[in-house]
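Peer 1: The task is simple: from the sequences and hints, build the whole structure.
Residue numbers (my numbering), protein chains in the order written: chain X, 1 to 679; chain W, 1 to 484; chain G, 1 to 495; chain B, 1 to 104.
Some hints could be false.
Cross-link-like lysine-lysine pairs, in silico, DSBU-like; alpha carbons within 30 Å at most [unchecked claim]:
1. K26/G <-> K370/G
2. K150/W <-> K25/B
3. K25/B <-> K645/X
4. K107/G <-> K369/W
5. K377/G <-> K107/X
6. K460/G <-> K377/G
7. K107/X <-> K645/X
8. K119/G <-> K460/G
9. K622/X <-> K376/G
10. K460/G <-> K376/G
11. K464/G <-> K119/G
12. K107/X <-> K376/G
13. K26/G <-> K464/G
14. K119/G <-> K369/W
15. K107/G <-> K26/G
16. K464/G <-> K377/G
17. K119/G <-> K107/G
18. K370/G <-> K119/G
19. K597/X <-> K474/X
20. K369/W <-> K377/G
21. K26/G <-> K119/G
Pulled from the structure, derived: some chain X residues nowhere near chain G, Cβ distances all over 10 Å [unchecked claim]:
22. K146
23. V195
24. D629
In short, the hints are calculated from the structure, not lab data. Each residue gets a CB set at the ideal place from its N, CA and C atoms; glycine is no exception.
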Amino acid sequence: MLIDIHLLAWLCWIFPLLGAAMAILLIRIGRPIRDYAVVFFTFLGFLMALLMLPEIVRAESFNSPAFWISLPGGGSISIGMLIDPLSIILANIVAFLSLAIMIYSVKYVEHEPGQDRYWFFMSIFITSMLLLVLADNLILMFIGWKMVGICSYALIGHYYSDEEEHWLGGPDPFPFRTPSRAGLKALLVTTFGDVSLLGGIVFLYTYSGTLSFLELYQTADVWLAALATDPGALTLLSVLLLGGPIAKSAQFPLHEWLPEAMAGPTPVSALIHAATMVKAGVYFIARLIPVFFYATWIANYPEAFTFFAVTAAVGAITAFLTGTQAMVAVELKKVLAYSTMSQIGYMILGLGLAGFTSHSMTLGLTAGIFHLISHGIFKAALFLCAGVIIHTTGSIYMSEMDLSRRSMRYTWIFMWVATMSLMGIPPLSGFWSKEEILSLSFETGQFILFALALVTVAFTAFYSVRFMGKVFHKNDEENQEDKEASPIMLVPYGILAVLSVAVGAIGPWFGEQIEHIFEAYFVDFLGFEVHSGTAGSIAPAAQSTVPLTLLLPLLSLVMIVIGALPAYRFYVSHASSSEALVEGSGILQRIQMFLRKRWYINSSINRVFVDGTIRYRHLVQKYIEDPLDCLFNEGIPRLFSGLSKGLRRLQTGLLSINIQYILLFILLALISIVFLVVP
Amino acid sequence: MLTLPLDLLFLFAITTPLIGWLAQKVDLPRLSGVYATLGILLSAFTAFQLLLQTLGGVVPPTPTSGLFNAYFDLDIFGSFAMVIQIGLGIAASIFSIQYMRSESGSSLYYALLIGMIGGMVGVVTAADLFTLFVFWEMMCLTSYLLVAFKNEEPEPVEAGIKYLLMSSAGSATLLFGISLLYGMTGTLNFGGLATALGHATPGPWLYIALLFIFTGFGVKAAIVPLHTWLPDAHSAAPSPISAMLSGIVIETGLLAMVRVLFTALISLQTYWSMVFAVLAVITMTLGNMTALVQDDLKRMLAYSSIGHIGYMLAGLAAGTVVGLTGTILHILNHALMKGTAFLCAGAIIYRLGSRNLADMSGLARRMPKIAVAFSIAIFALIGLPGLNGFVSKLTLFVSVADVNLAWVGIAIILNSAISAGYYLRIVRVMIETESEPSENLREAPVSMWFPIWILAILIITFGIWPDLVFNIAERAALAILSMT
Amino acid sequence: MEIPFVLLQTILVPAVAAPLVALMGKRIGKYVGWIASAILIYTTSLLLIAGSTIWTTALPISETYTWSAVSFTLEFGFIADNLSLPVALIMNLICTAASIYSIHYMKHRIDELYGEENKSMHGLYHALYLLFPIGLVGVALSSNLIAMYLFIELVLIPSYFLLDFFGYRERHRVATMYFIWNQVAAGLFLIGAILASTATGGSFSINALSTISGQPIAFWVCLLILVGWLIKMAAFGLHVWLPYAHGEHLAHIAAIIATIAGLGSYVIVRLLAVPLAADFQVFGLPIMVLGLITMVYGGLLTLAQDDVKRLYACSTISQTAYSLVGIGSLTAMGLAGGVFYFVSHILGKSILLCIAGVLMMQTGSRDMNKMGGLAKKMPFTAALAILGSMILSAIPPLSGLQAEWVMFVGIFQGGTLQGALQFAIPVIAIFATFLTAAYTFWPVKRIFFGPLSSELEDVKEAPKSMTLPLFILALVSLLFGIYPDVVMHFLSAFF
Amino acid sequence: MIPLSYYLILTMGLYIVGMYCLATKRNVVRLVLGIEIMINAANLNFIVLSANWTEGFIDPLAHSIVMMSITLAGCISAAAFTIIIFVYRHYGTLDIRELRRLRG
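Peer 2: Pasting the structure below:
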């Protein structure tokens, strides 16, 4: 080992931070040097992550926290980097994808306004995400978590002047949304989750007395026992903790910010969707799973199962919900956005399933993380391609795209590869990871979840083919004007597409390795033992695995065909027209509208929270503040001046009355003497 | 021969009209003012020396032979009060040099002023009740005439006659009370009264005497509901006289009351302290509340004096060393604060010609010296710490809180807050943007702002370094309490 | 490094300088502001040195000067310990930053109100301004109730005059209103202080406060001091003065008024929660509930504002209540977090209120509906506004989050809470913090983002002398965020 | 010998008469007379009590007091009439109820 692994972990996120500093410091030096300096530092970050990778096989954790805050009562909080298989995998994924996106950006933002800002926030974004995955305690992780949020705010709202060309949404009758609004929305929705997560962290801390992940793992029996004595505490903890990931990873019901987060420059979308931000939630849930698994199956606190139930249900619902919306979306990036949510739904579903039986922990973890890896790769590739496409066509609407397959051959090929990976066509990486989730949901006997996931496969195939067809296969006349993207943009997504194939080629082995590592780490090293046959578990499906390994892939292939075929007919071969079909059927029209209106979730949330706030915000002022104001700042002075005027009347100016006051006084004094003194 | 300051005061009171006559001959209109001021200064100097002597434990020589033998008794209480009275007199007198320049018969004015000071000095140094009464009447008489001094206007005259009638009724009541005390003991000497009545079980007549004496002094001290003459008299009098009346004359009523209460009527203390507590709250509340809506600057200040009398009464209600210290200290502080305030009002009226608050907007820019001093006085009156008013109010509060009358203390503080409402109006009006009446104002002449600033600096000094006077006030209080 | 009379110097140097500054202002006009600022930089460094001494030795520095010792002892006692020093230091720092900020801002305002050549007004302003740091630092460092009262009132005088001289719109009326509200508040505090002193046998020392613990009078002492400061902290129902005072005050003075509001958390901790812990127990739950109501209400009220200054004014109501909830928990973490949150919040709030001043100065308007797209014209200002919003919304790496989580740990531990409330109050409280993000970032969008209207084409960036001090405040907050032990080292040692 | 209380009732009565006069009469001159009555009530009291103190002995102090008091009362009347003259000049009436410029 050349460098101490702890140092590697620190440097891993410090290098991009230095990159951010470069973005500011080198403004005056000149654009190219600045850009390459920033990219170089991102590369160094990636290098550090890569150097950590060999440690993964040891399946151990490295953690040497340093003192950070002293707390009242003699306690203190230390921070450090936690290096264990989970964080190494995530750090590598994040660093690698970020590097690809940053290289791509060099060309992409050449002519954009606000480049300093762009580079600065991109670097910080990467820094915070790396910090998030490498942090060894909840607060440090939360810091990264929040910084990711604020960076996304800045980057989504990159075009803050809201020029019309950067508007999102529409066309009529759908409303247009401005980038600054989208940024604010992303920030606010995720903040809502963050608040919940912070509540969860703090709540957890009050019982556990530690924030370090490792200590939480090690002392789980103690603090879980304390937690379980308060009825409802575990449920509350689960819900509070899950609030964060649900918002951050854009899961139902806090998912509506993501489609609009497309307002930023495309590399930003790529970063948000593939590498950072939305993956944070998945990572965090993965982090927590051992603890809750322990609580559910080993310590036997049934309340802890809430965590898994909520996770799995949210994942499946989101996967289905957003899959449907992706089928009708009209903007290219929005399709991809819905697809991201849908895929993240899968991951979350996989993670949720980890706790459904007493032995599925590592299976679930593996499924979720594997899908995270493969999704990261192909989704980054897709977004980068989309960036090129939008740049070339100058429109965000797929209906206005019509690209030449020939002159943009490489882009076309790479995008198809990535798309097929997304669809789950074997042997691309997406197939293997999705299969794991599907089979896990089947094995655990969660047939509703399984059905939802399976249907979503068909949806995925449909919208994937649809957007490819709309972009590249609109007509056969070749449009010669389109130019292939410059190599500096092409290479990153080319590599990603190749990687997608490569991972797919070794898919089963890859998945197994991950599972082994997790097994070795969580079970053998940390001691979250998995006892088979613990009370309440669903009967192990071990004996049925042999037919299933064949049946399930077949089933999902059938679903892909079901989804892809109509799309192929509509959009690629143009054998029939989807518009005609929809116009011909009232029900289909209604469904299309329903889906395009995003199941009315967005509009109802908007109506209640946003419009409601704007419309009724003055009510507070009018009905509470103003009366109070009136009472205190006018009422009391008026009362006093009224009293004062009343007292003023005592001063009549009539001498006889003045003398009568004296007499009155004497009389009162006499009475008081008589009553108080004489007896 | 009385005591030295008194002698000097009488001498100058008598000679000032002569000088005034002379001044008319040689056409030096300010001469009588300067002469009178010198006289007061001289007597202040002697009074100060007496104070130092008494503080040093030396009993100053009171006349041992002659007509007034033993009717004066100089203790720390008396000499301290004397210094306050003469000291404020100096300021008023210097101020008057310019202020009363155009008045006819200004030498008479100075004679009356000196006479009033003499009367007050007599009241606080008297050793028996009747001597006290004689000087009391002297003080009253001169003040009636001073209030009505500007007899070419109807208001001073009206205020004067009302003041005279009410105050004389009070004096008569006082005399009646004194006669009852005399009837009970056969002596009017404070020492004699203290030995005769101090430790006896109180009979009904003592209560009646208390009632009459209290009413008599109360009219002068403007205790509600005996206060009704005050707003008229104080607002109608010439401003230096208002300063004197508010600053020390009404307080002299309290000082005299202290003398009697803590000697002759000490056995009734539990009774009268309760009555005082109630009256203190009523007085301060009414004074401050009524001041809220006044538009006449001097009338507002006059009502505020009633409020401050309420604060002082609280200390008497406590009746402890701390309480008395607080009262004495507040009398000093109030003399400084209200003296400054009324003199500032006088300077403003001198230039502006109006007493209406609304006409004074924008004044601060035209008369900054006056405005700043006025603001200092006002903030001291509100009771902001760092200025002298705070220390005495604090002492008063502590004293009442110590004897389980915390509600009186709370009333003091709430009243201070209420009083900020009208005091601040003055400051606010002064620093507002300019209005027409104040456009062509000039700064007040030196002889006006100089005494004002002396007082203002004392306000700050005693605020920052209260022990300068705190000590004396406490010893004065001990002197009173050691009389029985 | 040993500096003689370090605490007294901190108080006295500006006090002595104030009249000189007023006189010099007549000659040199606005440049006198640099002298005033230099003085404040000096006192800040004095406090820094004191802080380093305390950090290393862990012993408090105390100085006592007798004021009056006749009937009862009045003292100017100063104590810089682990609790008071960080608070004093941060407030002096804010005063310093605002002083530098104000040099240009006041030139603008004085020119507007009193004409170009009015040099003496500059002197007057800076002289009055110097009273703020004295008062604020004095309140923090006092070891004596009466001295504390004195400093509380001392702050009132400059804020009254500055409001009346230089404020906006209805400044005369609001100045009086502000003065009376605060006078009542200070009066209640004084009553409490004196009642306490009667029970301690005439001592006004804060150290002696603990001796009355357990006596029935302690309840009244707690109640009066608490209510007095709740007025200053603008708790719900007692808050109606604050939007006016903030709205009409000069922008940076509004920041200082917000500091005074926040100072309540320090005073409550210093006087009640620690020495009178047992008697203060009964107030725990009511304070938390009141704080909760204020948090939510302040947040809603902030959302209702269209006026840039009133906006941040109302947010003070909500933010100060956070600390209140923390203190109401009466746990060590809650108290430490409450004070930490106050320290963090005023940094952010000072930045934001000063930004409001910049906006008013540069655009001549305070209506947010007329703004938009200003980020293009004023990038620094926009960055500052976002930084300030981040502090308030507890977004790391700035200090808000560190303070918030420490405080919420205390709230969740909730010493006095029982049953369902044990969960309900903290959870509601933490969800109420969501409003902060809404009411800080929505205005940022309204002011700085979106298309620039044609009327605002000529708007220019504020001068460096206004933005740089604010950046320094943001940097301080960043320091606290990255290494919170800078503050927590002190606070943990105290609790 | 007439008991002391009778005298005291008499002086009290006089005092009340004086007060009554002050409280009800309109003419300023009468009001001054009212005050004189009150002072005289007090004077009378002194005289009465001086005899009462020691059997068969009349305290000269009281008499000197009364002498002085009468002088003072005279001074007061003089001052009062001086002002009354100006009152009449300005208001043209001696009715105290017409003097109502100052109030409130």
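Peer 1: Can you name, in rising order, the numbers of the hints this structure does not satisfy?
Peer 2: Failing hints, ascending: 1, 7, 9, 18, 20, 22, 23, 24.
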